[in-house]
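Protein chains in written order, with the numbering used here: chain E, 37 to 219; chain X, 12 to 86.
If you are wondering where the hints come from, they were derived from the structure by calculation, not from laboratory data. Mixed in with the good hints there might be a few duds.
As the list claims (entries may be wrong) - Some but not every residue of chain E turned toward chain X, in silico, with C-beta under 8 angstroms:
{"hint": "1", "residue": "Gln73"}
{"hint": "2", "residue": "Met92"}
{"hint": "3", "residue": "Leu194"}
To be verified - Heads up, incomplete: computed chain X residues facing chain E, CB under 7 angstroms, no partners named:
{"hint": "4", "residue": "Leu43"}
{"hint": "5", "residue": "Arg45"}
{"hint": "6", "residue": "Ile47"}
{"hint": "7", "residue": "Ile51"}
{"hint": "8", "residue": "Gly52"}
{"hint": "9", "residue": "Gln53"}
{"hint": "10", "residue": "Gln54"}
{"hint": "11", "residue": "Leu55"}
{"hint": "12", "residue": "Arg56"}
{"hint": "13", "residue": "Tyr58"}
{"hint": "14", "residue": "Tyr59"}
{"hint": "15", "residue": "Leu62"}
{"hint": "16", "residue": "Leu73"}
{"hint": "17", "residue": "Gln76"}
{"hint": "18", "residue": "Leu77"}
To be verified - Pairs of lysine to any residue, SDA-like flavour, derived with a Cα cap of 25 angstroms:
{"hint": "19", "chain 1": "E", "residue 1": "Lys181", "chain 2": "E", "residue 2": "Thr98"}
{"hint": "20", "chain 1": "E", "residue 1": "Lys139", "chain 2": "X", "residue 2": "Asp72"}
{"hint": "21", "chain 1": "E", "residue 1": "Lys181", "chain 2": "X", "residue 2": "Pro65"}
{"hint": "22", "chain 1": "E", "residue 1": "Lys139", "chain 2": "X", "residue 2": "Leu74"}
{"hint": "23", "chain 1": "E", "residue 1": "Lys139", "chain 2": "X", "residue 2": "Ala49"}
{"hint": "24", "chain 1": "E", "residue 1": "Lys139", "chain 2": "X", "residue 2": "Leu73"}
{"hint": "25", "chain 1": "E", "residue 1": "Lys147", "chain 2": "E", "residue 2": "Asn185"}
{"hint": "26", "chain 1": "E", "residue 1": "Lys139", "chain 2": "E", "residue 2": "Asp70"}
{"hint": "27", "chain 1": "E", "residue 1": "Lys147", "chain 2": "X", "residue 2": "Tyr59"}
{"hint": "28", "chain 1": "E", "residue 1": "Lys147", "chain 2": "E", "residue 2": "Ser53"}
{"hint": "29", "chain 1": "E", "residue 1": "Lys181", "chain 2": "X", "residue 2": "Arg45"}
{"hint": "30", "chain 1": "E", "residue 1": "Lys139", "chain 2": "X", "residue 2": "Ser71"}
{"hint": "31", "chain 1": "E", "residue 1": "Lys181", "chain 2": "X", "residue 2": "Asp46"}
{"hint": "32", "chain 1": "E", "residue 1": "Lys181", "chain 2": "X", "residue 2": "Gln48"}
{"hint": "33", "chain 1": "E", "residue 1": "Lys147", "chain 2": "X", "residue 2": "Asp60"}
{"hint": "34", "chain 1": "E", "residue 1": "Lys147", "chain 2": "X", "residue 2": "Pro65"}
Even for Gly, the Cβ is constructed at its ideal location relative to N, Cα and C.
Next come the chains, spelled out residue by residue.
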Amino acid sequence: MSLDPALREQILAAVPSLRAFAISLSGNVDRADDLVQETLLRALANIHSFQPGTNMPAWLFTILRNLFRSEYRKRRREVEYADGSYAETLKTHPEQTSHVEFKEFSAALSKLPEDQREALILIGASGFSYEEAAEICGCAVGTIKSRVNRARTRLANLLHIENPNDFGPDRATRAVLTGDDVA
Amino acid sequence: MKERKPPEHPRSDETMDTRPTAMKKGKGQAALGRDIQAKIGQQLRSYYDTLIEPTPDRFSDLLRQLEKPGKEGAE
Chain E
37 MSLDPALREQ
47 ILAAVPSLRA
57 FAISLSGNVD
67 RADDLVQETL
77 LRALANIHSF
87 QPGTNMPAWL
97 FTILRNLFRS
107 EYRKRRREVE
117 YADGSYAETL
127 KTHPEQTSHV
137 EFKEFSAALS
147 KLPEDQREAL
157 ILIGASGFSY
167 EEAAEICGCA
177 VGTIKSRVNR
187 ARTRLANLLH
197 IENPNDFGPD
207 RATRAVLTGD
217 DVA
Chain X
12 MKERKPPEHP
22 RSDETMDTRP
32 TAMKKGKGQA
42 ALGRDIQAKI
52 GQQLRSYYDT
62 LIEPTPDRFS
72 DLLRQLEKPG
82 KEGAE
């Protein structure tokens, strides 16, 4: 089997986001890397079914998402979603986001139901349209929209975002203003 | 007889005493205000950006390997 260099480039270009998606889904960098590897192998084995000119990232995300879903169903309770401690294993460390904020967000994300989490990430972070996300998840566009809405509402509750003024990067300032201790 | 003005769009002016967008949908789930949505979106993107790393070698190696001729019949 030989791979068209143009397709190879398209696949490679999609890997960083694909991997971020996998980490978001599984909450575990090692599992995410296994998922990406398995996705690439499947993609290559089925590359003839990819129509050149169509959406390579969406195709790869679909494969990964389905792999994750079937694996997830098998393991269910066996694998626990990580709490964000995997941030330490990342090579690039957040500059603009504090580590605490990252962990908080990751923990909140882990409390969302699977289908809401994937919809929110595809739309809000991976940059897919509602139509593309619907295709990736194999559901209706309206379903994606309502999952994203529910995910946002739940996150707002979990992160206590009720008033935009309550929520800013500067926790220390807030603590000073309210007299709370900075944990 | 007073002429009734068409209702303003709720988010057109925050000083007006309009129902918050959160109530727009009535029962069931509430729609979030735009600023809250924006905040969540911003958090989500910075979370995701943190996860973005250059493609690990194992994946580029994998693709390079498979490109080499002489690996016929991989199925």
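(message) Given a cut of 7 angstroms on the nearest C-beta pair, is the interface hint for Leu55 (chain X) held or broken against chain E?
(response) Nearest chain E Cβ about 5 angstroms off; hint holds.
(request) Have a go at the Leu73 (chain X) hint: is there a Cβ in chain E nearer than 7 angstroms to its own Cβ? (result) holds (6 angstroms)
(message) Does the closest beta carbon of chain E sit nearer than 7 angstroms to the beta carbon of Gln54 (chain X)?
(response) Hint holds; Gln54 (chain X) Cβ to chain E Cβ min 5 angstroms, cut 7 angstroms.
(message) Quick check on the hint: Leu77 (chain X) CB to chain E CB, less than 7 angstroms?
(response) At 6 angstroms from the nearest chain E Cβ, Leu77 (chain X) passes the 7 angstroms test, so the hint holds.
(request) Take the C-alpha atoms of Lys181 (chain E) and Arg45 (chain X), compute the straight-line distance between them, and say whether it is at most 25 angstroms. (result) holds (15 angstroms)
(message) Please verify whether Lys181 (chain E) and Gln48 (chain X) have alpha carbons no more than 25 angstroms apart.
(response) Within the cut-off at roughly 14 angstroms; holds.
(request) Mind checking the CB of Leu194 (chain E) against every CB in chain X and telling me if the closest is under 8 angstroms? (result) violated (10 angstroms)
(message) Hint check: Lys139 (chain E) vs Asp70 (chain E), CA-CA at most 25 angstroms. Holds or violated?
(response) OK: Lys139 (chain E) and Asp70 (chain E) at ~23 angstroms, within 25 angstroms.
(request) Take the C-alpha atoms of Lys147 (chain E) and Ser53 (chain E), compute the straight-line distance between them, and say whether it is at most 25 angstroms. (result) The given pair, whose Cα atoms are some 22 angstroms apart, holds under the 25 angstroms limit.
(request) Against chain E, run the beta carbon of Arg56 (chain X) and see if the smallest gap drops under 7 angstroms. (result) OK, holds: Arg56 (chain X) within 7 angstroms of chain E, min 6 angstroms.
(request) Classify the hint on Ile51 (chain X) as holds or violated, based on whether any CB of chain E lies nearer than 7 angstroms to its CB. (result) holds (5 angstroms)
(message) Next pair to validate is Lys147 (chain E) with Pro65 (chain X); report whether the Cα-Cα distance is within 25 angstroms.
(response) Since the Cα atoms of Lys147 (chain E) and Pro65 (chain X) sit roughly 28 angstroms apart, the hinted pair is violated (cutoff 25 angstroms).
Violation of the numbered hints given earlier is confined to hints 2, 3, 5, 9, 17, 20, 21, 22, 24, 30 and 34; the remaining hints are satisfied by the structure.
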